[in-house]
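Each chain, letter by letter, is given below.
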Amino acid sequence: QQQVKQSPQSLIVQKGGISIINCAYENTAFDYFPWYQQFPGKGPALLIAIRPDVSEKKEGRFTISFNKSAKQFSLHIMDSQPGDSATYFCAASSRTGNQFYFGTGTSLTVIP
Amino acid sequence: ETGVTQTPRHLVMGMTNKKSLKCEQHLGHNAMYWYKQSAKKPLELMFVYSLEERVENNSVPSRFSPECPNSSHLFLHLHTLQPEDSALYLCASSQGFRQLDYGYTFGSGTRLTVV
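Residue numbers (our numbering), protein chains in the order written: chain A, 5 to 116; chain B, 46 to 160.
What the hints contain is simulated information worked out from the structure, not anything from laboratory work. One thing to keep in mind: the hints can contain errors.
[What the hints assert, rightly or not] Just the calculated beta-carbon pair ranges, DEER-fashion:
id: 1; chain 1: A; residue 1: N26; chain 2: B; residue 2: S83; range: 18 to 26 Å
id: 2; chain 1: A; residue 1: K72; chain 2: B; residue 2: P114; range: 39 to 47 Å
id: 3; chain 1: A; residue 1: S59; chain 2: B; residue 2: R156; range: 34 to 42 Å
id: 4; chain 1: A; residue 1: E60; chain 2: B; residue 2: Y147; range: 17 to 25 Å
id: 5; chain 1: B; residue 1: R54; chain 2: A; residue 2: S11; range: 27 to 35 Å
id: 6; chain 1: A; residue 1: T113; chain 2: B; residue 2: E97; range: 36 to 44 Å
id: 7; chain 1: B; residue 1: H71; chain 2: A; residue 2: G21; range: 36 to 44 Å
id: 8; chain 1: A; residue 1: K62; chain 2: B; residue 2: T158; range: 20 to 28 Å
id: 9; chain 1: A; residue 1: F43; chain 2: B; residue 2: E129; range: 23 to 31 Å
id: 10; chain 1: B; residue 1: V160; chain 2: A; residue 2: K72; range: 45 to 53 Å
id: 11; chain 1: B; residue 1: V160; chain 2: A; residue 2: G45; range: 14 to 22 Å
id: 12; chain 1: B; residue 1: E101; chain 2: A; residue 2: E30; range: 20 to 28 Å
id: 13; chain 1: A; residue 1: Q76; chain 2: B; residue 2: Y147; range: 18 to 26 Å
id: 14; chain 1: A; residue 1: T100; chain 2: B; residue 2: S116; range: 18 to 26 Å
[To be verified] One side only, chain A facing chain B, incomplete, derived with CB under 7 Å:
id: 15; residue: P38
id: 16; residue: P44
id: 17; residue: K46
id: 18; residue: P48
id: 19; residue: L50
id: 20; residue: Q103
id: 21; residue: F106
id: 22; residue: T108
id: 23; residue: S111
Glycine residues also receive a C-beta, built at the ideal position from the N, C-alpha and C atoms.
Model the full structure from these sequences, guided by the hints.
Shown next, in the form of C-alpha cells:
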C-alpha cells in the first residue's frame, strides 16, 4: 500500500505562473512532511518541510500548504522559472520513524 | 569534500558479475540508507544502518548485500543481478536513526544497468 499519493505525475507551467503539486497520506502518525527537488543526474535535495502544527510554510517562492483534517499537503511554486524544471517528491514520516515514505514524483517543466 | 558521495556514477554489469557500490558521507551523520529509484515509482527503502540498529526491507532480494564498516561508509554488494534491477541507487544519510527532523541528505546516485 502506497503511504503517500502524489499528483500530478507531470506538469507544464508557463514562466511566471504558479506550479501546484499535491500529496495525500493516510497515516495519522506522520508529523513531518518534506519536499525534495531532483535535477537530472543528481540525488534529491531537501527543498522545504512542514510540521502539522502550522498550516503554511513559506520559503522564498516555495510554499507548503498543509490541511491536517484532510490529510493533504501541497507545494506551491510562485513565479515559476525555467530553472525550477525538475522532479519534485513529497515525503512523510513520523519524527521517531525509521524512514521517509515518498510519493511517486512530479516532473515539472517551466517553459519560457 | 562535503555531503554524500557515491561511486561509481554509472555501472553496466552482466547478470553473472559481482560489483559493489560505495557511499561515503562527510556530514558526521549517524544513519545511512540505500534507496532504489525506478521510474514512476516511489523511492524504495532497501537498507538502513545506524549505530543503534540495522533495518532491512524484507522484500529486497538476497542478491543485494549491504555492508557498513563504520558510520561514514556504506557499501552495496551486487551479485547475479537481473535486468529488472536496473535503476538509480541512492545513498542517503541523516543525523541519527529515528531522528528525521532534518530530513535526508542524498548522494547523486549510481545509475545501474544490468545486461
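Evaluation of the provided hints:
Taking the beta carbon of each, N26 (chain A) and S83 (chain B) are about 22 Å apart, inside 18 to 26 Å as hinted. Checking the proposed 39 to 47 Å range against K72 (chain A) and P114 (chain B) shows it holds: the Cβ atoms sit about 42 Å from each other. Between S59 (chain A) and R156 (chain B) the CB atoms are about 39 Å apart, so this pair conforms to the stated range of 34 to 42 Å. Distance hint for E60 (chain A) and Y147 (chain B): a CB-CB separation of about 20 Å, consistent with the stated range 17 to 25 Å.
Under the hint 27 to 35 Å, the C-beta atoms of R54 (chain B) and S11 (chain A), about 31 Å apart, fit the expected range. Look at T113 (chain A) against E97 (chain B): about 42 Å separates their beta carbons, and that is inside 36 to 44 Å. Remark: the range hint 36 to 44 Å for H71 (chain B) to G21 (chain A) is upheld by a beta-carbon distance near 38 Å. Hint check: K62 (chain A) to T158 (chain B), Cβ distance near 41 Å, so the stated range 20 to 28 Å is violated.
Under the hint 23 to 31 Å, the C-beta atoms of F43 (chain A) and E129 (chain B), about 26 Å apart, fit the expected range. Checked against the given bound of 45 to 53 Å, the beta carbons of V160 (chain B) and K72 (chain A), roughly 48 Å apart, stay inside it. The hinted window of 14 to 22 Å between V160 (chain B) and G45 (chain A) holds, with their beta carbons roughly 21 Å apart. Separated by about 24 Å at the C-beta atoms, E101 (chain B) and E30 (chain A) satisfy the suggested range of 20 to 28 Å.
Restraint check, Q76 (chain A) to Y147 (chain B): a C-beta distance of roughly 23 Å satisfies the suggested window 18 to 26 Å. Separated by about 20 Å at the C-beta atoms, T100 (chain A) and S116 (chain B) satisfy the suggested range of 18 to 26 Å. For P38 (chain A), the interface hint holds, since its Cβ comes within 7 Å of a Cβ in chain B; the closest pair sits about 5 Å apart. Look at P44 (chain A): its Cβ only gets to about 11 Å from chain B, farther than 7 Å, so that hint breaks.
Interface hint status for K46 (chain A): upheld, as the beta-carbon distance to the closest one in chain B is roughly 5 Å, under 7 Å. At its closest, the beta carbon of P48 (chain A) sits 5 Å from a beta carbon of chain B; the interface hint therefore holds under the 7 Å criterion. The closest approach between the C-beta of L50 (chain A) and any C-beta of chain B is roughly 4 Å, which is under the 7 Å cut-off, so the hint is satisfied. For the restraint placing Q103 (chain A) at the interface with chain B, the shortest Cβ-Cβ distance is roughly 5 Å, inside the 7 Å limit, so the hint holds.
Nearest Cβ of chain B to the Cβ of F106 (chain A): about 4 Å, under the 7 Å cut. The hint holds. Residue-level restraint check for T108 (chain A) holds (minimum Cβ-Cβ distance to chain B is 5 Å; threshold 7 Å). Proximity of S111 (chain A) to chain B is violated relative to the hint, the smallest CB-CB distance being about 10 Å (cut-off 7 Å).
Checked against the numbered hints above, the structure breaks hints 8, 16, 23 and satisfies the rest.
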